[in-house]
Amino acid sequence: MRVVIAEDLALLRDGLTRLLQAYDFEVVAAVDDAVTLGDALRTHRPDIAVVDVRMPPTFTDEGLRAAISAREERPGMPVLVLSQYVEQLYARELLGSGDGAVGYLLKDRVADVSTFVEAVRTVAAGGTVLDPEVVSALIARAPTDSPVSRLTDREREVLGLMAQGRSNAAIAAALFVTEKAISKHSSNIFMKLDLHPDDDSANRRVMAVIAYLQS
Amino acid sequence: MSTTVDLTRPVKGEGFRGGLRRRLALTGWSVVYICLAVPAVVLLCALTAGLGVAVVGVGLLVLLVFVPLTAQLTNVHRRVSGRILGQRIESPYVRGHGGPRAALARWAGDPARWRDFAWTYVSVCIGWAMAWLGLGLALAVVWYAIFPFLFAITPDGTFDTDYGLFVLDTQAEAFLEWVLMLVAFGLWWGLEPLVVRWRALLDRVLLSPSRGALERRVAEVSQSRAETIDHSAAELRRIERDLHDGAQARLVALGMNLGLAEELIDKDPEAAGRLLAEARTVTTSALGDLRSVVRGIHPPVLADRGLAGAVQALALDMPLPVAVTIVLPGRPPAPVESAAYFATSELLANIGKHSGARRASIDVSHDGHVLKVVVEDDGAGGASPERGSGLAGVARRLSAFDGTMDLVSPAGGPTVVTLEIPCALSSPKTSPSSGTA
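From first to last, the protein sequence lines stand for chains C and X.
Take the first sequence: its letter number 102 is residue 102 in the UniProt record's numbering, and every next letter is one higher.
Take the second sequence: its letter number 338 is residue 338 in the UniProt record's numbering, and every next letter is one higher.
Reference listing, derived: stretches of chain X covered by chain C, where coverage requires no fewer than 3 residues with Cβ under 8 Å from a Cβ of chain C:
(1) 271-284
(2) 290-301
(3) 307-320
Computed list of chain C residues with no C-beta within reach of chain X, every gap over 10 Å:
(4) D8
(5) V28
(6) H44
(7) P75
(8) S186
(9) S187
Calculated from the structure, these hints are not laboratory results.
The structure presented is a predicted model; accordingly, all values stated were derived computationally and were not measured.
The beta-carbon is built from N, C-alpha and C at its ideal position, and this holds for glycine as well.
Construct the complete structure from the given sequences, taking the supplied hints into account.
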């Protein structure tokens, strides 16, 4: 799988490159600012771009903007955005930039190597991965009169993991229960949220959940 | 308003045309002064009557309405006269907030309000006369200029003038009035700047801050400077403590874990693995600590997106729907931006914690001089700076920038907090945005 990495700190850029190479990704370009990122994405057309939010020249949200405009140029291009901090505002902008194939994670999550690599693969495959911090904020702010409040604690937990882009099997493993229990929970959740589970792909589920929470 | 040119002073090398234009402008301002005397008369009567019957109580109601109106009119005069004199005439009022009772008490003790009152008298007699003189000088020129033509079209005898030595009664003689026109023009040319200048100076003397007001202002500024310094010193101490007890301690623990793991890696790989896993959790929490410290110093989203984006982000994090309307044609200076952000953040936190509100709104705008943030909620009301340290803290934070906080929160709600910070905006670019979060 071909990856473009954009990160202005050399230490982190090399670390990411090494890490992804160790998991058999092909790092076709590792750039350090938003302008060269745009060029690299156009020339290499990678399977996924891993982008830092804050980059030169302005050191603000350059990376995020570059990622969003790259997706305008090439709709559905998978982008995983990494950030020193997570902001709902940015998550929404990313989600709004097309149908899935986005990820938005705290940089810390890289330390959990296997989960991180899993996230890269999910996004590259067209899935959506949101940082647990964003997800918990999204779920926590659901107004008391919303259907989300009708969920049981366990169902909320499942919904949260679902929004992080995990498959039923992964959720089952995380909660130490059977996959069958999870599919029962998820059909309960869909019923309570009036969502129709036509398609069981992780991406569709996440998008439905997020769209619902944003409404 | 760019008022660096004193209209009453000749400009070097302005020439005849420039001088003429300047004097015409001054004549125009005389007309403005004359017109402004009309509301001044009304205010004079109302204030005098109001003060007269203040003991009965009805007078107080009159004063509640007319004292602010007087301030409005004198502010117009401050701007007009300031513009003519090419300098800014500062507003001298004592600032504060509170109900009508507090306002009356504050006005009674504020020399500036009494000077406003005195000004209404001076303005409608001496000031008005001077303004008429300013206009009259110009009217005289016009009068003598058109006199021969008026003489021609009016019936015989209407405009015959007896000058003692001779009587002007023929059309040819009527043109002699043009001599007077030249005299009048000379007078207008010479005196117009002086007359209007004196009229403007009259305003400046009465309406600009008195020495006492300036001294009070200096005291206020010193006080707010001292508070600001205290506040930043306390902030630095807090940051130092947070770093020392939080991130720094965790990094030490991390080092110890790694060192131990290094020792164990050959003897007991399983234990070493556990230590490494633990080390990873420690880095996560150290990063969490650092993030919250950074947020406390300067929120990253504020740096990235400015006040507009940062306020939207705040609204998104609220557990209730918050309607956000932001119209900012540029960015305020960084310290003001930061103060406005933290103040808004504190107000929203209050809404979340205490108000029991079901919805809220934030309105951010800038009228060219003042940044205004209005935060409203439909909660229980009854908020007061005396009850919580949060609101008092917001007011203190803003005072460093001459900003004010106005709180209206009757029991039962709704609560409306208005923050105003005088400042200019940089880089004029439009970034309006609105929406419901």
